[in-house]
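Build out the structure end to end from the sequences listed, making use of the hints.
Residue numbers (the numbering used here), protein chains in the order written: chain S, 3 to 229; chain Z, 7 to 293.
In case anyone wonders, no lab produced these hints; they're calculated from the structure.
Every residue gets a Cβ at the ideal spot worked out from N, C-alpha and C, and that includes glycine.
Incorrect hints may appear among the rest.
Short derived list, chain S residues pointing at chain Z, Cβ under 7 Å [stated by the list, open to error]: (1) LEU79; (2) SER82; (3) SER87; (4) LEU96; (5) PHE97; (6) ARG128; (7) GLY178; (8) TYR183; (9) SER196; (10) GLY198; (11) LYS226.
The calculated label-pair distances, taken between Cβ atoms and stated as ranges, are [stated by the list, open to error]: (12) S:ILE22 to Z:VAL115: 48 to 54 Å; (13) Z:PRO50 to S:ALA70: 37 to 43 Å; (14) S:THR16 to Z:ASN178: 36 to 42 Å; (15) Z:HIS255 to S:THR132: 56 to 62 Å; (16) Z:GLY196 to S:LEU41: 44 to 50 Å.
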Amino acid sequence: MQSAFAHAIELIVTGDREVIAIALTSLRFALSSVGIAALISIPLGVLLHFNRFRMKRAVVAVLNALMALPTVVVGLLVFSLISRSGPLGQLNMLFSPAGVILGQVILASPILISLVFSGLSRMDSRFHETLITLGAKQRDVLIASLVEGRFVIISAILAGFGRVIGEVGVSMMLGGNIRWYTRTMTTSIALETSKGEFELGLALGMILMIIALAVNGIIHSLVKSDA
Amino acid sequence: MKKIILVLGILLLAGGMVFAGGAQEAVEVEQSAGEEAVEAPENPRVKLATTTSTDNSGLLAYLLPKFTEATGYKVDVIAVGTGAALELGEKGDVDVVLVHARAKEDAFVSDGYGVNRKDVMHNDFVLLGPPSDPAGIADAESAAEALTIISENQSDFVSRGDNSGTHFKEQNLWKEAGTTPSGNWYKEAGQGMGAVITMTNNMQGYTLADRGTFIAMRNKIDLEVLFEGDPVLFNPYGIIAVDPDRHPHVNYDGAMALVNWITGKEGQQLIADFRMDGDQLFHPDAM
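Written out as structure tokens, the structure is:
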């Protein structure tokens, strides 16, 4: 096991081509899906916060429940959707990056919507009232809330990123773990461990943690310099 | 204040594209090595559903780059069990299947899902167990008898349990032995060949494996071939293109390029040359 560890570090330090390609594939999937999820979810979270409607509590409850949706369930649902025999079969998305990204968008969106919504709800309600008494229009209130709530939005995006970069169910079922194409860090770790090859798995595990740390570090330093 | 949102936007969107480009580039560089001679076909991606044994043994990683070099097609390998691979073929989610369960393969063709089935290669199944062979299967007369001994001793036995070709073979052997395995000693893993060998090694139990994957993994495990040689353990692999009449969208040209190459002179010779520590893992059948 110790030599596996040493070999893993060697793979990272020497920049093994396959390790790098796999890490980049993971990042590409996670960044694309979180980016798309953010475009959909942030407006929805804001809308949810600013609108009153019947069943709002139910919607929030469902969103909270969806945050815990098992990745394999999402994988299965999307699989049956994009398989050739499914309704979206024509698009040829199964076992391709598009399939994985679609699954990951579905995984990340409930988290983003929920966290944006609950974060905005926790903001001081006097903030809005003050804005309105100062003569702010609806649009100004919206923009001001987004600016004021930027930390909430950032941490929601981070949580979404954490959910998708570390998941294996969707990537495995929808991507098929195809070498040089849809093999991500997590599916690769699962494969290598099953083959008894711990070195590559360990190396990728370490990179996964380094990326998670780096992304959090970058965002935190941005937040700090901004405040 | 807007700076941070701007930076975030760049991070997420533009960053995503840069990574997309970067990863794609790395992949292209990797795959285009030595490919210049052949013009890329119109539809260069071929999806192959296959068994975990061909993938876990390292055979495909060794063969497919040479196929790409010869024809320009890139093969996307989806390694699952034989049952799942045939299912993907039936639904039209892949273009070609490489599997090992003859009865199921024939049904796949006769039911109109596949065309041009060809024999590719064979090896054999072996019963693996701890070197001390606590149940004592080494002297069994047949594979069925060996399984009977394991069940009578209630020694740990790890079953693939995943409708793979190896699992089908194991079920037939139990049938032959006249035993329905059940109990704590019988563990249905539901995983691929490599994972099941790793599990068996950790439990120091018994399992049925194909010889190719065993040879590929034997340096990392403390298991031995305890029973082999029964003709019933013959393990032939066949390749089948998905019927383009049923699924017009499949890459039939790519599928047939792979079928013809792997059963052709170059593919067969490469299979015969695929060795690990001097041992041949698969024996070509189409020469």
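Under 7 Å is the threshold here; is the Cβ of GLY198 of chain S close enough to any Cβ of chain Z for the hint to stand?
5 Å, holds
Against chain Z, is SER82 of chain S within 7 Å by beta-carbon distance?
10 Å, violated
Beta-carbon spacing of THR16 of chain S to ASN178 of chain Z - inside the hinted bounds 36 to 42 Å or not:
With a Cβ separation near 47 Å, THR16 of chain S and ASN178 of chain Z fall outside 36 to 42 Å, so the hint is violated.
Does TYR183 of chain S hold up as a contact with chain Z if the rule is Cβ-Cβ below 7 Å?
6 Å, holds
Per the CB criterion, is GLY178 of chain S less than 7 Å away from chain Z?
GLY178 of chain S check passes; min Cβ-Cβ to chain Z is 4 Å, inside 7 Å.
Against chain Z, run the beta carbon of LEU79 of chain S and see if the smallest gap drops under 7 Å.
Violated - the Cβ of LEU79 of chain S stays beyond 7 Å from chain Z, reaching only about 16 Å at its closest.
The hint names SER87 of chain S as touching chain Z; please verify it with the least Cβ-Cβ distance against 7 Å.
5 Å, holds
When you take the CB atoms of PRO50 of chain Z and ALA70 of chain S, is the distance between them in 37 to 43 Å?
This hint holds: roughly 41 Å between Cβ atoms.
Using Cβ atoms only, decide whether PHE97 of chain S comes closer than 7 Å to chain Z, and label the hint accordingly.
6 Å, holds
Just to be careful: measuring from the Cβ of SER196 of chain S to every Cβ in chain Z, is the smallest value less than 7 Å?
Interface hint status for SER196 of chain S: holds (4 Å vs cutoff 7 Å).
Does the Cβ-Cβ separation between ILE22 of chain S and VAL115 of chain Z fall within 48 to 54 Å?
About 42 Å separates the Cβ atoms of ILE22 of chain S and VAL115 of chain Z, which means 48 to 54 Å is violated.
Within 44 to 50 Å or not, the Cβ separation of GLY196 of chain Z and LEU41 of chain S?
38 Å, violated
The structure is inconsistent with the numbered hints 1, 2, 6, 11, 12, 14 and 16, although it conforms to all the rest.
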